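*Asks:* So the chains spell out like this:
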Amino acid sequence: ETGVTQSPTHLIKTRGQQVTLRCSSQSGHNTVSWYQQALGQGPQFIFQYYREEENGRGNFPPRFSGLQFPNYSSELNVNALELDDSALYLCASSLNAGLAGLQYFGPGTRLTVT
Amino acid sequence: QQQVKQSPQSLIVQKGGISIINCAYENTAFDYFPWYQQFPGKGPALLIAIRPDVSEKKEGRFTISFNKSAKQFSLHIMDSQPGDSATYFCAASKTQGAQKLVFGQGTRLTINP
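Respectively, the protein sequence lines represent chains A and B.
Residues in the first sequence are numbered consecutively from 256, following our numbering.
Residues in the second sequence are numbered consecutively from 5, following our numbering.
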């Protein structure tokens with residue numbers, strides 16, 4: 256059984272650019288959640304995808320968008336990057352949308368916006 | 005406002021001592037309270053979790069104490085070891101609807117040998 260994987264590990268972008276981050280969920284998990292973790296802070300919920308549909312969204316602007324594919328892998332897209340978007344982006348997968356808290360996190364993608 | 009407040013921000017404990025981290029929540033609809041452990045360069049890993057129908061849960065050296073009336077819960081690490089040095093996050097969520105985890109701000113725990 257493979258765990259949650261994310262790519263790339265690190266990324267440097269310029270303000271105004273667009274970025275796509277990728278996540279492969281743990282085998283058998285159909286729900287993926289994305290979190291933003293600023294330095295020294297706890298993760299903040301961005302949104303969740305369940306069976307390819309958005310299943311909840313946190314307090315993030317529309318320039319944060321996502322996708323979930325039939326194999327349950329997921330993408331996080333951020334348009335018009337701002338300096339404050341610099342953070343660790345975490346993906347978490349779970350067996351299904353009804354198992355709150357049983358989320359398994361990947362190692363994250365460190366995004367730096369200059 | 006769905007908030008979880010965590011304290012202290014940092015904690016230094018001698019090897020073999022007891023580490024205690026506290027959290028308080030506001031939303032009474034929360035019904036699941038996990039603790040996560042995060043090492044540098046890694047994602048958070050689920051350590052232990054509790055539901056509000058019990059006041060205490062113990063797994064090995066880790067214990068969660070839960071006070072529903074005070075809307076507070078805490079993590080106790082007994083016989084703390086240098087390998088326990090990490091950042092700990094409490095979190096809360098509802099089991100209905102999207103599994104949105106609301107995290108505390110984190111506690112950086114250092115265990116001195």
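For the record, the hints were derived by calculation from the structure and aren't laboratory data.
Nothing here was measured: the structure is a model prediction, and the numbers come from that model.
You may find that some hints are simply not true.
Unchecked claim - Counterexamples of contact, computed for chain A against chain B with all Cβ distances above 10 Å: (1) 273; (2) 277; (3) 288; (4) 319; (5) 338; (6) 339.
Unchecked claim - Not everything, but these chain A residues come out facing chain B in the computed CB check (under 10 Å): (7) 271; (8) 275; (9) 296; (10) 324.
Stated by the list, open to error - Here chain A is said to cover these stretches of chain B; the calculated rule only asks that three of the stretch's residues, wherever they fall, bring their Cβ under 8 Å from a Cβ of chain A: (11) 59-71; (12) 77-84.
C-beta: ideal position from N, C-alpha, C; glycine also.
*Asks:* Compare the structure with each hint and give your call.
*Replies:* A quick look at each hint next to the structure:
1. Against chain B, the non-interface label of residue 273 of chain A holds: every CB pair exceeds 10 Å, the least being about 24 Å.
2. No beta-carbon of chain B comes within 10 Å of the beta-carbon of residue 277 of chain A; the shortest separation is about 15 Å.
3. At roughly 6 Å from the closest C-beta of chain B, the C-beta of residue 288 of chain A falls inside 10 Å, breaking its exclusion from the interface.
4. Taking the minimum C-beta to C-beta distance to chain B, about 15 Å, the non-interface status of residue 319 of chain A holds against the 10 Å cut.
5. Look at residue 338 of chain A: its CB is around 21 Å from the nearest CB on chain B, clear of 10 Å, so calling it non-interface holds up.
6. Every Cβ of chain B is farther than 10 Å from the Cβ of residue 339 of chain A; the closest lies at roughly 17 Å, confirming the non-interface assignment.
7. Taking 10 Å as the C-beta contact cut-off toward chain B, the hint placing residue 271 of chain A at the interface is violated, the least distance being around 28 Å.
8. At its closest, the beta carbon of residue 275 of chain A sits 19 Å from a beta carbon of chain B; the interface hint therefore is violated under the 10 Å criterion.
9. Given hint, residue 296 of chain A at the interface with chain B, holds; its Cβ is 6 Å from that chain's nearest Cβ, closer than 10 Å.
10. With 10 Å as the threshold, the beta carbon of residue 324 of chain A stays out of range of chain B, its nearest partner Cβ sitting at about 19 Å, so the hint is violated.
11. Interface restraint, the segment 59-71 of chain B with chain A: violated (0 residues with C-beta to C-beta distance below 8 Å; minimum three).
12. Residue count for the segment 77-84 of chain B with a Cβ under 8 Å from a Cβ of chain A: 0. That is fewer than the three needed, and the coverage hint is violated.
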